[in-house]
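Novice: Listed below, chain by chain, are the residues.
2 protein chains.
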Amino acid sequence: MDSSNAPFLPEYFEFLRFQSISTDPAYAPQVNACADWLVSKFQRMGLSAQVCPTGGHPVVIARNEPKPGRRTVLIYGHYDVQPVDPVEEWTTPPFEPRLENGVVFARGATDNKGQILAHILGVEKTLREKGELPVNLIFLVEGEEESGSQNLAAFLEAHRQELKCDLIAISDTGMISPELPALTYGLRGIFSMEIRLKGAESDLHSGIYGGVAPNPATVLARLLAALHDDAFRVAVPGFYDAVMPLQDWERSGWAQLPVNDDFFKMAIRAHALMGEAGYSALERAWARPTAEVNGIGGGYQGQGDKTVIPREAFAKLSFRLVPDQKPEAVERLVRAFFEKICPPEVQMEITIGHGGDPLLCDPHSCYALAARRALAKAWGTEPALIREGGSIPILHTLRGVLGAEILLLGLALPDCAAHAPNENFPLANFEAGMRLNQLLLEELAKA
Amino acid sequence: MDSSNAPFLPEYFEFLRFQSISTDPAYAPQVNACADWLVSKFQRMGLSAQVCPTGGHPVVIARNEPKPGRRTVLIYGHYDVQPVDPVEEWTTPPFEPRLENGVVFARGATDNKGQILAHILGVEKTLREKGELPVNLIFLVEGEEESGSQNLAAFLEAHRQELKCDLIAISDTGMISPELPALTYGLRGIFSMEIRLKGAESDLHSGIYGGVAPNPATVLARLLAALHDDAFRVAVPGFYDAVMPLQDWERSGWAQLPVNDDFFKMAIRAHALMGEAGYSALERAWARPTAEVNGIGGGYQGQGDKTVIPREAFAKLSFRLVPDQKPEAVERLVRAFFEKICPPEVQMEITIGHGGDPLLCDPHSCYALAARRALAKAWGTEPALIREGGSIPILHTLRGVLGAEILLLGLALPDCAAHAPNENFPLANFEAGMRLNQLLLEELAKA
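Residue numbers (this note's numbering), protein chains in the order written: chain R, 5 to 451; chain S, 5 to 451.
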C-alpha cells in the first residue's frame, strides 16, 4: 500500500487541523468551525445534515432519507478532542497532521476523528458504489465527549423521536492488535469520592504533642489499608454482592488472547503487577471491581523534615464497578464501612464525586452476531469478544433514551496514545474502518 | 506591680528589636549587631566579654574573674530568633515590642531573649548588690540555635579548656503554669525519615489499569497502618526494647500536676486525644516514644477527581524517642520492618533525616537539689519535676564536650507562643527569672 497516496488523506488531515478542544472555551470558534466542516462534508455526500445547538458545543446530525421496513442504525462519534498538554512532548505540532510509515500523528487521529471519519467515508463509498445504503442511517457526532457530554442527555431527550433507532454503533474503544479486531461488550462503571480527616485545629509540634494529638494521616492510612484484604480483595462488606461472576466462555476466550502479564508490565512500565488473587491480569482489568487511591495528601510535603502533626489528611478514591454493581449502592456500602471503622477522635468528611454504571451488552444477540461477521470480513479473522476497564457513562444515556442496543467496534490500537502526546492512527486501521462500516451496514440490514 | 515602670524594660526592648533571625542570611547584619549589643552589655556589667567568630553566626562569651575553689557555672542561651511567618497573624509588628497587661509581645520575648536576659540582669543585680558572684560564671550565648546550632560543636571542641565547668544551666524549657515552676530532667530524642514507594513509570488511567498496576498510595497506606497495633503501640519489632519504664515516683508526681486530658484538648483545639493505651496524656507526651506521620503525598491532590493510579507516593515520618532508645538503633529496626512488609511489586526508597538522642538527667543530684531549692525560693512553691516531649539535640553536645551536668530551668509558659505569631513573656516571669538566677548561683555555690 502506498499509503501517502490514500485518497482520503486530504480530508482526514483537514478534519484533524481543527483545534476542536472542547474543555477550553477559548477554542469554541474552532469547535464550531469543525462542526460546520462536518455538516458540509455530509451534505456533499448526499445526506441531509445540520448543526444542532445545545447548551454547550453543537451536535452534528446527518441522515439519509428514511424508508419504511429498513433497520435504523445510529452511528455515534465525537469531533471534539482532548487538550494537548504537555505540548512539549509532541514530536511535531498536534494540529499539524503528519504521516510517517503509514501512521498519522495528530491530536484526534484515533480519538475520535479518525474512527468517526472512517465510518463517514465508508458510507460515502457505499453511496458512490451503490447509490443507496441498506439501512436508515443517522450520524450523531457530538462536540463535548472529552468534557463529559454535559448537554447530550438533554439533547437526546428533546429529539428522542427523530433519533429513534434499532441500534447504536460506536468506534471509540480498542482492538487487541493490528491483526485482531474486537467486539467490546462490557465496560466498567465508576464511583469516586474524597475522604478527609481532621484532628486538631492547626498543625502541631510533634515533639510537644506527639503521642497525645490525633494524627489524621496515621488514621487515614489505617482506613485505606482496611480497604483490601490480604488477597487484595476489596474488604468493604457487601462490595461483591452484586458482582456477576465471570462466565466460563469469557475466561477461556480471554485466556487465548495475546495479552498476558508481560504485555501489561510493558504497557505500564512496571516490573510487577498487583491485584486480586485468583484472576488473570486481563480478568482483573476488564471484569473485576477495584478500589484505588487516586491521590493522597496531608501535612508537610516539601524538602527535608518538618516535624508536625498534620491537622488534616485526605485521599481521593475511585471504585471501578462491574455488572451489576451500582454506584449508589457502592456509595452506601463504602460510607458505612468508613463510618464504622473511623475512630471517633478524628472528624471524617466524605465528598461524593461522580458515578457511572457498568455496561454489559449481549455479544450473542442477532445484531452482535451481525457485527462480528462484519468485523471478521473486514480483517479476515474472527474478532475477540472483550470487555474494557474504563467507563463511557454517556453510553447508558444513549441506550436508555433511545432504547437501542449498543455495538462497540473499536479501531484503536493499544499504543495509539489517545489523550497523550503523539496520538496516532495507522492508515491501515482507517481503511479497515471504512470496510467495516460498509460490511456492518450490510450485515445489520440482513440481521 | 506597676510593670510599665520595670527598670529592665528599656534594655529588654532594645534586645528584642534586633531582627536576629539566624536561618535567613539576609539578617546576618542584625544578628551581628545583636551579638555586639550583648558584649557591650556584659562589659558594662563588669564582665569580660567578646564576640567569638564561628563558621556561621558568632558566639558571645562573657565571664567573671575565675577564682580557685569556686564552682564554675556555665549559663547557655541564644540570642537568635525564629522567623516571623506568618507575619500577618501578628497583632503588632514582631520586632516592635509591646507591653500589654504586664505581658511583653515580640519575637524572642520568651525564646530565648527574655529568658537569657533575665539571667544576665540577675547577675548584674547580684554584682551591684554584693560586688561579687558566689561562683565562677561563664555566659555562652549562641546565634544559631534556631537554625540547628551547626557550628557550636566545633566551637565547643576548640574551646573546651576555657569553657570547662561543673554544670550548665539553661532556661529554654517550660513551666507548668505561672504559679508552678519546673525542673525539666528529661527530653525526648528523635529519628526522622522519608519513605517513598514507586510503581509504574508514570501515572496510569485507573480504568484501563485499575486492578492490574501496583498502587503505591495503597501500599503506602498499608505500610503506615502497620506502624501501630490496636492499642496504638508502635508495632515495629524491638522498638520498645531499650525503653526505660516510667518510675513510680514519676507517675505519681505527674498525676498531681494540673495537666490533664482537658488541658491538652484545649491546648491543641481538638475534641479528643489519641495515643498509646495504658498511659496518661502527660506520660505519653513526656516519656513514651511515638511514630508520627508528618506528611504524606502522592497522585492527584487538586480540585475534583482525576482517576489516576499514582506512579509514586511518599510519607515523612518521625519517631520521638525516650531513654535509652538510640536513633541509629531505631533506624535499623524501622528499616528492617518496612523491608520485611513492603510487597516486592513496588520499589521502596528510604531517606534518613535527622536524629537526636533522648536526654535524661538526675533530678536528685546535689546540683539538681540546689536548683530545686532556688526554684522553690524564687516562686514560693516546690517545683514540679518534669520531662518534655520535644528535643534539644545540642544539649548532648554541651554535656558531652564539657562533661558537665545539665540543669533545665525553664521560664516559658504553655501559652508563650514560641515559634508562633504573637510570642509573649510576662514581666512577672522575667522578674522571677532574675530572682532565680541570684538564688541559683547562691545555692550552687553551697551545693
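No lab work stands behind these hints: they were computed from the structure.
Hints may be right or wrong, so weigh each one.
Treat identical chains as interchangeable: a pair holds within one or across any two.
[To be verified] Here are the computed lysine-lysine pairs in the DSS-like style, where the Cα-Cα straight-line distance is at most 27 Å: (1) 202 / 310; (2) 330 / 310; (3) 269 / 344.
Novice: Next, verify each hint and record whether it holds.
Specialist: Hints, verified against the model:
no.: 1; hint: 202 / 310; verdict: both (19 Å within a copy, 23 Å between copies)
no.: 2; hint: 330 / 310; verdict: between (43 Å within a copy, 20 Å between copies)
no.: 3; hint: 269 / 344; verdict: between (37 Å within a copy, 24 Å between copies)
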